[in-house]
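The chain contents come next:
Number of protein chains: 2
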Amino acid sequence: MKKFIYTAFIFFTSIQMVSAQRAPRLSSPDVDKNDNVTFRYYAPNAKEVLLSTEILSKELAMKKDAQGVWTATISKVKPDIYPYSFKVDGVEVADPNNTYVFANERFKRSIVNIPGDKPLVHALRNVPHGKISYRYYTSKTLNTTRRLLVYTPPGFNMHDGKKYPVLYLIHGGSDTEETWTKVGKANLIADNLIADKKAVPMIIVMPYGNVRPAPMPDFTNDVINDIIPFIESNYPVHTDTEHRAVAGFSVGGGQTLNIGLTNTDKFSYIFSYAPYTATEEFAKNFTNWNPDAKKINEQLKLFTISVGTEDFLYESVEGNLAMFKEKKIEVEPIIVYGGHTWMNCKLFLANSLQQVFK
Amino acid sequence: MKKFIYTAFIFFTSIQMVSAQRAPRLSSPDVDKNDNVTFRYYAPNAKEVLLSTEILSKELAMKKDAQGVWTATISKVKPDIYPYSFKVDGVEVADPNNTYVFANERFKRSIVNIPGDKPLVHALRNVPHGKISYRYYTSKTLNTTRRLLVYTPPGFNMHDGKKYPVLYLIHGGSDTEETWTKVGKANLIADNLIADKKAVPMIIVMPYGNVRPAPMPDFTNDVINDIIPFIESNYPVHTDTEHRAVAGFSVGGGQTLNIGLTNTDKFSYIFSYAPYTATEEFAKNFTNWNPDAKKINEQLKLFTISVGTEDFLYESVEGNLAMFKEKKIEVEPIIVYGGHTWMNCKLFLANSLQQVFK
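Residue numbers (the UniProt record's numbering), protein chains in the order written: chain A, 1 to 358; chain B, 1 to 358.
No lab work stands behind these hints: they were computed from the structure. Note that this is a predicted model, so its numbers are computed, not measured. Glycine included, C-beta positions come from ideal geometry on N, C-alpha and C. Some hints could be false.
Stated by the list, open to error - Derived lysine-lysine pairs resembling DSS-like cross-links, with alpha carbons at most 30 Å apart:
#	chain 1	residue 1	chain 2	residue 2
1	B	Lys-266	A	Lys-87
2	B	Lys-87	B	Lys-131
3	B	Lys-325	B	Lys-266
4	A	Lys-140	B	Lys-197
Unchecked claim - Partner residues are not named here, just some residues of chain A that face chain B (Cβ under 8 Å, in silico):
#	residue
5	Val-91
6	Thr-176
7	Leu-321
Using the sequences and the accompanying hints, generate a full structural model.
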């Protein structure tokens with residue numbers, strides 16, 4: 001890959017002369033055909049640069065060359081998409097040469113894609129692609145205009161009379177409405193599964209789930225009273241319970257439980273991924289919960305909770321599962337290896353998409 | 001604004017306990033009603049933190065408090081959207097507490113919005129909003145699948161028989177297909193001008209203009225042979241020259257000149273903003289150019305070149321204008337105060353949108 005590095009250097013020389021504060025462009029990350037990945041960062045005056053990545057459980061010291069470029073290579077990486085960042089003398093930075101940024105409100109990390117030989121479930125394949133639309137809606141609950149993303153499947157036509165089911169898909173706690181597409185690749189996963197006839201064509205709505213600054217009202221009210229009406233008045237969708245699903249990750253997984261289980265008349269599918277449930281709303285809803293389990297179990301066509309065994313929330317999720325079991329609520333646990341990561345989260349979604357609306 | 005800071009600290013305490021590597025959430029940037037803006041960055045061990053912003057022409061030293069939070073305030077900022085970053089002991093970082101990131105391939109900066117009292121041309125107002133769709137298209141020219149964004153105006157209906165004009169809008173040199181919406185707010189500018197009846201409803205196509213790694217083929221071919229056919233076969237658009245426009249900023253402004261002036265049979269409007277023209281393609285097209293000026297002037301309904309007097313490309317643009325004048329090509333110069341900035345770029349677009357397709 002060396003030739004790319006120096007070509008890029010030359011290409012930018014002319015612009016650099018007028019913007020001397022910019023570092024040279026580097027090729028980073030570089031992924032080769034053997035799934036080795038090389039990271040580069042320009043910092044001639046730094047004393048230490050560490051590579052922090054979800055590929056490895058520990059940070060990796062990078063090495064500086066004579067030009068001030070720090071480099072680290074990780075060999076034979078398991079194909080997937082991984083977040084990473086550089087720690088430059090203790091300061092965490094995203095990779096300035098990588099456009100793919102983890103959409104998040106609290107940290108700035110980059111993303112590296114190791115495609116591998118066989119296309120993964122989130123790969124950009126040569127199949128028909130749906131659209132992601134960035135929309136504004138008015139939230140009366142929160143008294144503001146908010147954003148949401150809407151995935152419409154390949155062949156979607158607003159006006160041909162066909163109606164679609166809807167999955168409401170909620171991001172993690174400091175993520176944004178873009179995290180499910182930018183990091184979770186929800187649109188590509190749906191494209192692939194629909195092309196392979198493993199999922200039915202559906203609309204996926206990805207709202208912005210954070211409610212800040214405090215005090216934090218119920219996001220549940222925003223979903224029920226603002227987002228669902230906005231979607232149902234702007235898209236050709238089925239409006240019965242059997243064609244509505246809710247899913248979410250981490251804080252969004254907790255929100256999913258709150259939204260779904262307090263509105264079982266509105267959702268037939270609840271998919272909670274590594275839920276974070278140490279919230280006031282969850283305590284309020286479920287501490288002294290006395291559900292009509294028989295009715296709920298009849299209404300819900302599928303309720304799953306997914307988590308990785310290395311997830312810091314694993315024990316908490318075990319507690320959630322025990323609680324639902326004690327209340328006689330039928331929930332399917334999906335336990336896999338791995339941590340509180342978007343690598344796992346993609347798999348959880350792929351699993352749900354193959355089960356929902358069938 | 002102090003109360004927000006501490007509320008946010010408390011809200012995140014529980015999650016922080018399990019992810020100790022994360023810095024505390026801060027409220028940054030804070031914009032008050034008098035247009036004062038405060039930036040905060042947590043770095044207890046840093047020796048120096050500078051604020052680099054396009055609000056000021058110089059970097060500003062930030063001050064550390066006992067908790068390790070560095071702060072700087074700029075008073076009475078002229079309402080606009082400004083890029084900024086922190087330089088932490090020489091390392092440039094985006095603001096970890098700010099979601100609004102400058103979409104760019106070479107640097108990671110954040111964006112602060114100073115809304116002011118009266119809504120600016122790019123403000124999120126309570127008017128009907130268009131949609132931004134993220135699409136994939138196949139580029140035969142570049143032998144790959146590429147992304148582009150498509151703005152459709154409020155009330156757009158794919159199938160009601162109405163046809164729209166199309167503006168092709170190209171970002172700057174290391175920007176991405178998202179920069180015109182995320183930084184340039186092209187969608188909100190269009191929403192506002194359409195609501196105020198100052199612009200006609202149109203489709204705005206924002207392709208990814210970078211062609212890397214080298215060698216760099218003509219992006220022009222991709223626009224003409226791949227992007228325009230993709231749009232014209234997927235959207236209800238007029239396909240005659242009078243309903244097609246091209247615009248772009250910086251490197252994209254140079255691409256605009258190449259695309260538009262070598263295809264005057266395809267575009268009636270050319271809007272070049274602070275064009276960067278020290279490229280092989282521009283030299284090839286225009287060094288020994290011998291145009292049929294009369295024919296070109298008849299075909300083009302409007303050709304403008306915009307630039308700020310403080311732009312590092314100002315002299316270069318003066319040279320471009322002189323060259324076109326010498327060749328008898330009618331071009332309208334739009335000279336304003338200011339530098340090579342997206343603050344100016346937004347105004348250039350707002351100006352074009354009020355003149356195009358009329």
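Right, here's what the structure says about each hint:
no. : hint                       : verdict
1   : Lys-266(B) with Lys-87(A)  : 49 Å, violated
2   : Lys-87(B) with Lys-131(B)  : 36 Å, violated
3   : Lys-325(B) with Lys-266(B) : 22 Å, holds
4   : Lys-140(A) with Lys-197(B) : 27 Å, holds
5   : Val-91                     : 5 Å, holds
6   : Thr-176                    : 6 Å, holds
7   : Leu-321                    : 19 Å, violated
Hints 1, 2, 7 from the earlier list are contradicted by this structure; the remaining hints agree with it.
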